[in-house]
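Start from chain C and add chains G and Z according to the hints.
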Amino acid sequence: MTSENFQLNTAAVDGRTIFGREAALRALPRWSRRLSVATAIRVVPAIAVLAIVLLWAILPSLFTAVDPNLAVPAQKLEAPSAAHLFGTDYLGRDLLSRVIHGTRESLTGAVIAVAVGLVLGSFIGLVAGSARGITDSLLMRLVDVLLSIPAFLLAVTVVVVLGFSTTNAAIAVGLSSVATFARLIRSEVLRVSASQYVEAAVSGGVGYWSILGRHILPNSLNSALALVALQLGMAILWIASLSFLGFGAQPPNPEWGLLVSEGRDFLGSGFWMTLFPGLAIVLVVISFNTIGHVIREKSAQ
Amino acid sequence: MARYIAARVFQAIAVLWAAYTVAFIFLSVLPSDPISIRINAPDSGLTEADGVRLREYYGLDKPIILQYFVRLAGIFSGDLGFSLVRGTPVRSMIAAALPPTVQLSIAGLIVGLVLGGALAVAASYARFPSLKHFLQGIPPLFAAVPTFLLGIFFIQIFAFNLNLVPAVDDGSFEGLIGPALTLGIGISPSLAQVLLASLEQTKGDAFVDVVLAKGAGSGFTFWHHVIRNAILPWLTLLGLTFGELLAGSIVIETVFSRDGLGRITEGAVAAQDLPVIQAVVLLISALYVAVNLVIDLLYPVIDPRIRLGGAPIRLKRRASLTPAKATS
Amino acid sequence: MTGTVAALHPALRVTDLSVSYLTRGTRIDAVRGVSFDVEAGQTIAIVGESGSGKTTTGQAIIGLLAKNARVESGKVELEGTDILGAPAATLGDVRGSRIALIPQDPTVSLNPLRRVGVQIAEVFRLHGTVPKEQWKPRTIELLERVGFTDARKQVSAYPHELSGGQRQRVLIAIAIANSPSVIIADEPTSGLDVTVQRRTLDLLDELQRELGTAIVHVTHDLAVASDRSDTIAVLRHGQVVEFGRTAAVIAAPRSDYARHLLSSAPSLQVSDRVPRSDPAHPAEIVLEVSGLAKEFPGHVGSPSFLAVNDVSFSVPRGSTLSIVGESGSGKSTTARLLTRLIQPTSGRITLLGRDYTEKSERQFRHRRVAIQVVYQNPFASLDPKLTVGQIIEEPLKALSELKRTQRLASVSDILDAVALPQDFLKRPPRELSGGQRQRVAIARALVLRPDVVVLDEPISALDASVQGQILDLLESLQQDFGSSYVFISHDLAVVRRISDHVVVLNKGRVVEQGPAEAIFTRPQSDYTRDLLAAVPGGGKRAAAAAG
Numbered sequence: 001m002t003s004e005n006f007q008l009n010t011a012a013v014d015g016r017t018i019f020g021r022e023a024a025l026r027a028l029p030r031w032s033r034r035l036s037v038a039t040a041i042r043v044v045p046a047i048a049v050l051a052i053v054l055l056w057a058i059l060p061s062l063f064t065a066v067d068p069n070l071a072v073p074a075q076k077l078e079a080p081s082a083a084h085l086f087g088t089d090y091l092g093r094d095l096l097s098r099v100i101h102g103t104r105e106s107l108t109g110a111v112i113a114v115a116v117g118l119v120l121g122s123f124i125g126l127v128a129g130s131a132r133g134i135t136d137s138l139l140m141r142l143v144d145v146l147l148s149i150p151a152f153l154l155a156v157t158v159v160v161v162l163g164f165s166t167t168n169a170a171i172a173v174g175l176s177s178v179a180t181f182a183r184l185i186r187s188e189v190l191r192v193s194a195s196q197y198v199e200a201a202v203s204g205g206v207g208y209w210s211i212l213g214r215h216i217l218p219n220s221l222n223s224a225l226a227l228v229a230l231q232l233g234m235a236i237l238w239i240a241s242l243s244f245l246g247f248g249a250q251p252p253n254p255e256w257g258l259l260v261s262e263g264r265d266f267l268g269s270g271f272w273m274t275l276f277p278g279l280a281i282v283l284v285v286i287s288f289n290t291i292g293h294v295i296r297e298k299s300a301q
Numbered sequence: 001m002a003r004y005i006a007a008r009v010f011q012a013i014a015v016l017w018a019a020y021t022v023a024f025i026f027l028s029v030l031p032s033d034p035i036s037i038r039i040n041a042p043d044s045g046l047t048e049a050d051g052v053r054l055r056e057y058y059g060l061d062k063p064i065i066l067q068y069f070v071r072l073a074g075i076f077s078g079d080l081g082f083s084l085v086r087g088t089p090v091r092s093m094i095a096a097a098l099p100p101t102v103q104l105s106i107a108g109l110i111v112g113l114v115l116g117g118a119l120a121v122a123a124s125y126a127r128f129p130s131l132k133h134f135l136q137g138i139p140p141l142f143a144a145v146p147t148f149l150l151g152i153f154f155i156q157i158f159a160f161n162l163n164l165v166p167a168v169d170d171g172s173f174e175g176l177i178g179p180a181l182t183l184g185i186g187i188s189p190s191l192a193q194v195l196l197a198s199l200e201q202t203k204g205d206a207f208v209d210v211v212l213a214k215g216a217g218s219g220f221t222f223w224h225h226v227i228r229n230a231i232l233p234w235l236t237l238l239g240l241t242f243g244e245l246l247a248g249s250i251v252i253e254t255v256f257s258r259d260g261l262g263r264i265t266e267g268a269v270a271a272q273d274l275p276v277i278q279a280v281v282l283l284i285s286a287l288y289v290a291v292n293l294v295i296d297l298l299y300p301v302i303d304p305r306i307r308l309g310g311a312p313i314r315l316k317r318r319a320s321l322t323p324a325k326a327t328s
Numbered sequence: 001m002t003g004t005v006a007a008l009h010p011a012l013r014v015t016d017l018s019v020s021y022l023t024r025g026t027r028i029d030a031v032r033g034v035s036f037d038v039e040a041g042q043t044i045a046i047v048g049e050s051g052s053g054k055t056t057t058g059q060a061i062i063g064l065l066a067k068n069a070r071v072e073s074g075k076v077e078l079e080g081t082d083i084l085g086a087p088a089a090t091l092g093d094v095r096g097s098r099i100a101l102i103p104q105d106p107t108v109s110l111n112p113l114r115r116v117g118v119q120i121a122e123v124f125r126l127h128g129t130v131p132k133e134q135w136k137p138r139t140i141e142l143l144e145r146v147g148f149t150d151a152r153k154q155v156s157a158y159p160h161e162l163s164g165g166q167r168q169r170v171l172i173a174i175a176i177a178n179s180p181s182v183i184i185a186d187e188p189t190s191g192l193d194v195t196v197q198r199r200t201l202d203l204l205d206e207l208q209r210e211l212g213t214a215i216v217h218v219t220h221d222l223a224v225a226s227d228r229s230d231t232i233a234v235l236r237h238g239q240v241v242e243f244g245r246t247a248a249v250i251a252a253p254r255s256d257y258a259r260h261l262l263s264s265a266p267s268l269q270v271s272d273r274v275p276r277s278d279p280a281h282p283a284e285i286v287l288e289v290s291g292l293a294k295e296f297p298g299h300v301g302s303p304s305f306l307a308v309n310d311v312s313f314s315v316p317r318g319s320t321l322s323i324v325g326e327s328g329s330g331k332s333t334t335a336r337l338l339t340r341l342i343q344p345t346s347g348r349i350t351l352l353g354r355d356y357t358e359k360s361e362r363q364f365r366h367r368r369v370a371i372q373v374v375y376q377n378p379f380a381s382l383d384p385k386l387t388v389g390q391i392i393e394e395p396l397k398a399l400s401e402l403k404r405t406q407r408l409a410s411v412s413d414i415l416d417a418v419a420l421p422q423d424f425l426k427r428p429p430r431e432l433s434g435g436q437r438q439r440v441a442i443a444r445a446l447v448l449r450p451d452v453v454v455l456d457e458p459i460s461a462l463d464a465s466v467q468g469q470i471l472d473l474l475e476s477l478q479q480d481f482g483s484s485y486v487f488i489s490h491d492l493a494v495v496r497r498i499s500d501h502v503v504v505l506n507k508g509r510v511v512e513q514g515p516a517e518a519i520f521t522r523p524q525s526d527y528t529r530d531l532l533a534a535v536p537g538g539g540k541r542a543a544a545a546a547g
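Chains as they are written, first to last, in the numbering used here: chain C, 1 to 301; chain G, 1 to 328; chain Z, 1 to 547.
No wet-lab data here; the hints were simulated from the structure. Just so you know, these numbers come straight off a predicted model, no measurement behind them. Be aware that a few hints might be false.
Which residues of chain C face chain Z? A few of them, derived with a C-beta cut under 10 angstroms, are [to be verified]:
#1 Val37
#2 Ala40
#3 Gln196
#4 Val206
#5 Arg214
#6 Asn219
Each residue gets a CB set at the ideal place from its N, CA and C atoms; glycine is no exception.
Just chain C, with the same shape it has in the complex (with noise of 0.2 angstroms):
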């Protein structure tokens, strides 16, 4: 029986009934006033931990001053400690700096993964949702047979005929997502197109594009933005996978994936080598992923 809290819902937001709570909530700024404390409590370190990374990919230099292929071998494999944070390599190379500097390497290629999979993603939902009939059917089909292979491994087959780099890496990673966002893009404008308010639209005379760019884009771009981040999230990922298989960045690149890769021979003696950068690729895709949902989770409100 949720329709006494529906009836409750929208007896909050009409100004007569609780017009105290009202007031009160005006008086807040906006963008506060949509957030509650636990969806704070859950975005304010993802945003932290996302500002921080991003200002390591911008200006790396600036949170260390060492530069990261800079080899000592007398320092090698020596645990973190107040001159190395987060210890050394097998080559004696400062940790600390080689997952700094290797941000820049991951989180590009996470932005270049999800351009690729958003723009011809977008564009083949939008056509498609847009055109409908046979124009439709046959990108949907072209839709299903992207899915039809299971999405990593079209990556790795995509990145065969690509050769191996991040960039390679992270296109591969881009295509095989763009059956995702032609999906959800499609089903938006679907949903979008068949509201009343669209309809109404119609009735008001609104030509087409009007109605594209007034009404059915800013609906669905909530859907979009929380796929995006989603999507960020899983391309950090299996570009770091793909790299730890070899078919991503190349050494001495500082990728996040690879410095794992290179750490799993020597776990007994140096563990902080895989610990350190799989802590970074955890940290940042959960709050990828956090925001991702918050966004959906708003939207569906």
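Just chains G and Z, lined up with the frame of chain C:
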């Protein structure tokens, strides 16, 4: 109904053919060719003349379009070509590699289902809000940990430090524990999140109130009504998960040095062994499409609302957390 | 149940019941100190608008409150035993045997995956009242009792194979299976067509007489309450503002609120409407429809469906034509055809003397100035991403030549006309109440001063007291602007109040049409007579008790 099944089977075959063709076109635009890689390898001992002969032998000197049809015809007679690197028939390579991967996938699936299901039910029925939040936080954490990282640490802790399981696959049951757990944890987050959302939604459905109003306790309500409805989205998700399992085996078999399809794929990609890659893509897609086809056909059996005569109606599935990726 | 118990205690006694909700850290008192008694065989109607706490009261009695609800105080005595906050085991024993529920929406209240027979037999199984081998025959018996003609077959039907009315009968069968002493009926017929509503409520009355059950009937509909209850409690903001014998409350309400509810609820009283069209001076026909038909193609293997079949009518300038029908009558399809959101299969639609049936959207678009729509659900028909000002301005932007300042002036004028304050212009629709949103939708439709406005169930999603206000607004706007209305509705009471001309649709065909008074006073077809007889209101039970 028979017409519907026939149409879906036909559609599945068409999708597979298209997938194979896409993969073929993709791989035939490769800038370098595998024979050159073999010749240029430092310890190959092969000459350019050998290369010409090899190309002729493998039919790589023929026009691309002819190669395509020869391959396609070969597939129908069960001939998947020869590995360019090992020279052995691809079919026998795959036949040897398939059983361990299937074994791993099934074990991983069981771990994932049990773990995901337990997390979802526990979170949904947690008495205290703090416990509920804690349980809800586990799947997102699992989802953010790369499987290779999980695998590496598993080996380090359970094989080297504690000496509980063998570090590399020795064919024993203990050897399967690590890979299966890693794979299962990898697929559990989406299973847990989808089931949890579905449970919460179903518990709020009006019919549950009617069941409670009949005098049913929470146990009866759960087993006779809630879980039956809540589990439906898992069916769709199962198809997707299957793809994740097969793809996940590429990483996991490498980490655990286990033989199988994933390992073969990894090796073939590194060496650009095209026939092998094509065969793996074809085989995995075929398995994936077949599983999803079975699921589609199972839907009407499980959900009476979509049991209808003749008309190939699009199955209307309940919204799930993950973007729908299964073939429709 | 037994005479002695009934003599000592009423079937149900609710004392000082208070329930609050905790949403996002804010406590909202939903029910505040509600008390009432119901004797065996009697019905109390709990009447209120949305947010009044009526549903919460029902949920609290049977112990099915939402998770975030908390009982603050009170007692719920079922034949003398307090069951409020009783342990789960006790509640499990009581529910389904001594107190039962008939839920709000029959379409979602049965488990879609299980056969209806199984769902009925569960009541026997849970309480052990019927030996296992008797489950099936007893279930069939029950189904026959609630009016299934083919119970033997329908006992193994899945819920989706039954109609809404049939599903509500199954739910009634579940409720009465163990002959409970109290039934909570939570808006049991609000989603059903009037004729189905009447048959369902008649059945409930009959079962009540037979079993001597006490019924708590939760409803928003004062007319239904006046027909089907012995006592009425009117709830507002969680408090009982009016309580008494039904006949007395309807005849002479003591509280202002109950008086307001009664006066704003449209009923079948004679309309005071002055006909807008004068027969002596026939007005210009602005919209004419002839032989309109719409066929929807079926899926492969199933036949196509004729939603609208040979519909003809004409609308004179400044008058209101109503299209009435139950669900599936084709009235909404007709509305969509008139506004050209879908194309007719055959027939003609003439707007201001010009046929637009075969025009393309490109050719027709600029002529939409003359015909606008107001939709049923104001929560769905306003784009959540725009402000009220942008929503109202949109048709002006698309179809008028006005400059921005002129457009803004028009928007501000129309906002005055629909009696909304100017500061609403910058607000998003989500901050508005249902009635306010519908005013925005009306403003959007009228800002172009169209010749015809199609009103597709414009008030049925609103509370009764708001319904009256919106109807008043529509009538006064018609006088000011001289627009013609095509009013689509299932509610005959509303139609009588607002129409000059009525078209009755059934299964896509016009059953009968004519001047409103004639249709209501001298209906020609059986179908119209049925519809009229099913309209609730008039205090049937009170009249029966008196006579």
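Status of each hint after checking the structure:
1. The interface hint given for valine 37 of chain C holds, since its Cβ lies 7 angstroms from the closest Cβ of chain Z, which is under the 10 angstroms cut-off.
2. A distance limit of 10 angstroms between C-beta atoms decides the matter here; for alanine 40 of chain C the minimum to chain Z is near 12 angstroms, and the interface restraint is violated.
3. With a least beta-carbon distance of about 4 angstroms to chain Z, the hint placing glutamine 196 of chain C at the interface is held under the 10 angstroms criterion.
4. For valine 206 of chain C, the suggested interface contact is upheld, since its CB lies about 4 angstroms from the closest CB of chain Z, less than 10 angstroms.
5. Taking 10 angstroms as the C-beta cut-off, the interface hint given for arginine 214 of chain C holds, the closest approach to chain Z being about 7 angstroms.
6. At a threshold of 10 angstroms, the smallest CB-CB gap from asparagine 219 of chain C to chain Z is about 6 angstroms, leaving the interface hint in force.
Violated hints amount to a single one, hint 2; each of the other numbered hints is respected by the structure.
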